[in-house]
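Enquirer: Chains as they are written, first to last, in the working numbering: chain Y, 1 to 628; chain W, 1 to 160; chain R, 1 to 295.
Just so you know, the hints here were simulated from the structure itself, not pulled from any lab data.
Be careful, since some hints might not be right.
Claimed, not checked - List time: in silico DSS-like cross-link candidates among lysine-lysine, alpha-carbon distance up to 27 Å: (1) K65/R x K127/W; (2) K481/Y x K606/Y; (3) K70/R x K187/R; (4) K66/W x K565/Y; (5) K70/R x K562/Y.
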Amino acid sequence: METIIFLIIFPAAISLVLLSIPVKSVRRLIAVIANIALIAGTIHLLYGSAGETIRYELENVWIERAMLTLEVTLSIYILYMGIRFRRYLVVFFTLLQLALLVHFEAFAIPAVPVAHNLFVDNFSIILALIIGIIGSFICLYAIGYIEEYHERHKESEDNRRFFFFLMYLFLSAMFGIVFSNNLKWIYFFWEITTICSFLLIKYHEDEESIDSAFSALTINLMGGLAFAAGISYAGIYAGTLELDRLIAEGGAYAVIPAALIAFAGLAKSAQLPFSSWLTKAMVAPTPVSALLHSSTMVKAGVYIIIKVAPALKGTLAAAMLSYIGGLTFLVASFIAISQSNAKKVLAYSTIANLGLVVACAGIGTNEAIWSAILLIVFHAVAKSLMFLCVGLIENKLSSKEIENMDFLIMEMPKVSAAMIIGISGMFLAPFGMLISKWATLKAFIDFNPVMAIILAYGSAATLFFWTKWMGKIITIKYGLKNREKVVSPWEWTTLAVLSFMTIGVCIIFPLLSSALIEPYIIELFGVSPSMDRFNIIIIMIIMLGLLTILPIALMYYAWLDKDYKRVGTYLGGANVDNVRFLGSLGAQRTADIRNYYLDGFFSEKKLYNYGLVTAVFLVILMLGVVVI
Amino acid sequence: MFFKKSPWIIHYDATSCNGCDIEVIASLTPMYDLERFGIINTGNPKHADIFVVTGSVNESSHQVVKNIYDQMPNPKVVVAVGICATSGGIFRECYNVLGGVDTVIPVDVYVPGCAARPESIIDGIIKALDILERRLVEFRKAKTEARRQEKKLRRYHLND
Amino acid sequence: MTPIDYFIHLDNIYLKAVIYVVLAPILGGLLAGVDRKISARMQGRIGPPILQPFYDVFKLFSKEKIIVNKFQNFNVILFFVFMVFTGSLFFLGGDLLLVIFALTLAGVFFALAGFSVNSPYCHIGAERELIQMMSYDPMIILVAVGMYQVTGTFRVDAIAMYDGPLILYLPGVFLGYLHVLTIKLRKSPFDLAMSAHAHQELVSGLKTEFSGTTLALIEIGHWYENVLLLGIIYLFFAFNSFLGVAAMLVLYFFEIIIDNTYARFKWELTFKSTWLVTALFGAANIIILYYAMQP
Ligand code: SF4
Chain Y
1 METIIFLIIF
11 PAAISLVLLS
21 IPVKSVRRLI
31 AVIANIALIA
41 GTIHLLYGSA
51 GETIRYELEN
61 VWIERAMLTL
71 EVTLSIYILY
81 MGIRFRRYLV
91 VFFTLLQLAL
101 LVHFEAFAIP
111 AVPVAHNLFV
121 DNFSIILALI
131 IGIIGSFICL
141 YAIGYIEEYH
151 ERHKESEDNR
161 RFFFFLMYLF
171 LSAMFGIVFS
181 NNLKWIYFFW
191 EITTICSFLL
201 IKYHEDEESI
211 DSAFSALTIN
221 LMGGLAFAAG
231 ISYAGIYAGT
241 LELDRLIAEG
251 GAYAVIPAAL
261 IAFAGLAKSA
271 QLPFSSWLTK
281 AMVAPTPVSA
291 LLHSSTMVKA
301 GVYIIIKVAP
311 ALKGTLAAAM
321 LSYIGGLTFL
331 VASFIAISQS
341 NAKKVLAYST
351 IANLGLVVAC
361 AGIGTNEAIW
371 SAILLIVFHA
381 VAKSLMFLCV
391 GLIENKLSSK
401 EIENMDFLIM
411 EMPKVSAAMI
421 IGISGMFLAP
431 FGMLISKWAT
441 LKAFIDFNPV
451 MAIILAYGSA
461 ATLFFWTKWM
471 GKIITIKYGL
481 KNREKVVSPW
491 EWTTLAVLSF
501 MTIGVCIIFP
511 LLSSALIEPY
521 IIELFGVSPS
531 MDRFNIIIIM
541 IIMLGLLTIL
551 PIALMYYAWL
561 DKDYKRVGTY
571 LGGANVDNVR
581 FLGSLGAQRT
591 ADIRNYYLDG
601 FFSEKKLYNY
611 GLVTAVFLVI
621 LMLGVVVI
Chain W
1 MFFKKSPWII
11 HYDATSCNGC
21 DIEVIASLTP
31 MYDLERFGII
41 NTGNPKHADI
51 FVVTGSVNES
61 SHQVVKNIYD
71 QMPNPKVVVA
81 VGICATSGGI
91 FRECYNVLGG
101 VDTVIPVDVY
111 VPGCAARPES
121 IIDGIIKALD
131 ILERRLVEFR
141 KAKTEARRQE
151 KKLRRYHLND
Chain R
1 MTPIDYFIHL
11 DNIYLKAVIY
21 VVLAPILGGL
31 LAGVDRKISA
41 RMQGRIGPPI
51 LQPFYDVFKL
61 FSKEKIIVNK
71 FQNFNVILFF
81 VFMVFTGSLF
91 FLGGDLLLVI
101 FALTLAGVFF
111 ALAGFSVNSP
121 YCHIGAEREL
131 IQMMSYDPMI
141 ILVAVGMYQV
151 TGTFRVDAIA
161 MYDGPLILYL
171 PGVFLGYLHV
181 LTIKLRKSPF
191 DLAMSAHAHQ
201 ELVSGLKTEF
211 SGTTLALIEI
221 GHWYENVLLL
231 GIIYLFFAFN
241 SFLGVAAMLV
251 LYFFEIIIDN
261 TYARFKWELT
271 FKSTWLVTAL
281 FGAANIIILY
291 YAMQP
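With the rest of the complex left out, here is chain Y:
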């Protein structure tokens, strides 16, 4: 229990320390030490765990009171922001929430006893590992990133102390979410992540970022409202505020709060009717996108959905949930094809993958949950790597456009290598995401062929947009100068570690599955799916093959291969040199190569609108059926 409390309290304490110390070098030192401590803490948690769910009591009135005070203060702050920027929807949601909270605290709370406030099981350990390790490294990266960010954005105010304050506070809140059993506690941390996200998106303080921040805030407040309503309902009717008891013993009374909380989860993980906030949130500094909007905060949404899904099992609401996830996966994957902004592509792919997780949660069989957890793990690692690469490239090229990334492998070979690992991690065989997609497909087929068909189409789209991006990066042209000479060691460390982790998690995935995921599934269902031994061996062979052939072949081509003749590319024989040709009237033109975006088929506007309408319908249906 000490470890858990340490993990929750420590980042918050560090965040306050970082906010108060004005000296840069001291702050850096503290941040590094804090990161090491966090990683050590999560690993300690992993080794100290008994492999099953343990619940902790931790009764203290003062904690409750402190939380309540903080919550009200935050609400008032949001109210102030809402009024100042004239976002009355925000004001409206906040007031409603506040009213609900006060009503609930005043009337219902004394009657509801809470036996266990905290808990830890294998699933929360997995998430804690993601938060602790990936989160720490992203914070490390941010130290180098923010330096350059402010050099590039001279016009915006240098608020980096506040920035790091928010980052660490956020880590603390995330640990809080995954370890709390008391719904009210989860809600408290939930709201903190919302506000952190809001403030971090707003960091640049220009019109666009303020707009995006409020859009994120509005949607998440809406989710938060549903969450609060769910809690009140659970407290009043089901008579419990404990997550595990609500799911296990709530019976018919658990359905409505579960659906409401799932609604909140959908908003948080940017599933379709709500997806717009995540794509807008890409204006935030890239470490924020990496930490909040791909590897952790949005995962909190799917985490809570997976947690409450058993309460919905067998109802139409669960089916709706899986359809919402499937639809989101399909639509987001399609839209990603038409995007040329790197961060937008990453955002849509994030939404798509979260969609898969939600779909799995909706299906709720042991296979589905197994693959959902795998998806969460693999996605967190690979996607944060991708984001951080794009952040670095963005600082160097001053552009997030994929079309500006040609010849990247010549200009920034190491970053490109990390990027290629990240992209492969997202969709190629032997890497993680593909393993989990495969597991997902197997889980889908038995449940509902429609989902399998959705997956088939969506994966095809995924294949297209990742490969064309990868192709852009690896295009080779000689005579370019290396642009990655001045990259801070902070960023290098993080990129290197995450690249190795992307490969590493695939190699240790059988271990990961048997040591952490399977016990959890067994606890939940009694039986656990496991992969065919033969297939795992084959995957490992492919992996090993890639890991040996790639470097050997690269070295061969770089140093040993001498017996060749260099010629120009074929340009109809009209070459001036390798890339220029003689056009009409003797004009020299450059052959400039651009990718396909298939806007006619996959335009964002059209698809998003269709998706939105369908998803709104599905959500209404989901909530409607449980109420009836």
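With the hints as your guide, set chains W and R with the ligand onto chain Y.
Expert: Here is chains W and R with the ligand on its own, set in the frame of chain Y:
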């Protein structure tokens, strides 16, 4: 020995009046069926073994002829089809015409005629096949020679 | 017992893989030769000898190595290696889904090869190749899904030994597969990416900048791939090996006819028609089957 059985051609129209081009294409039609010798019109210098040029070479096409020739991998042969390609033909005296193809690149087989008949084109290409085989041997010899030279050079440097 | 039955019931998977690695290029090359011969006859020509593809490949091996950049051949090698690996995995009886994913991996390497050269023609070829991959990918996955629904397994050896007539359960999936087979065999009307016949617009598409040995490897890689694709056809008829072989031959002949009678589609039409066929035949078949199989 496989060059004889699988010669791939690229056809380039330097400044032909199109008469010879049509005949070249005609030799690929069912009537003459060049493909029965394994000949494919690749349209890509990097895949081709035989460079078939029609028409005389002029100011604007000579660089292209040279580029295409340079982009063909060894062993390769050049077949000049039509009297224009062999010597400049009736366009020889034009202000912009440089002459036959051999003013730019070495030509191995000359196929005369205005326009050259498909039969003679096929005949020319078949003739080129023998040269192609010979070229392969020469090419290999040159390669080993070059390698030896390089080794010698390296040894020389080492001793230095 | 036909040789094919014998092969399927062979217990030693390594032997199976070796047999595939040795025999597939021979069969694939012969198939390509017969294909060219038949096409020529259909067009009223005599056509090249049956062994022509082998002559071509052997010739390519002795050509000079010309390159645009030092690393362009790297991805082609990977394509070749993984294509052989994929085929072996299929013929030694591995998991069908894994086969499909490995096939995709090989395809991605092939497309990346085109991207890496920085040549306009290669690039267009690679983009089109990707569009083709996106078009056929859902259908190929649905083939595996359909077979799983009927047989309850993804293992190729188990599917091949399944007694029931798969084709009767999966007629729609089969039709869909035929449609994408035309793309995969690079036959007209879907020979968008690197057709030898489209050199006015594409030069040689994806393989424009690859020559000599590398081109030969691409060619042999496709032979391996073609044998694998025919192997999937066989699975539909696996209950009777004579029928299976006959189906492979007839359908290949059918593809040749299609090749010779259709003009090339645009990529839009290719993409649209393929996804539509996938939905109308493949997906519909699978959904109907799901409800029909429910007790
Ligand atoms: S040789 Fe005669 S037919 Fe041929 S290009 Fe010259 S003028 Fe035309």
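Enquirer: Of the hints stated earlier, which fail here?
Expert: 2 and 3
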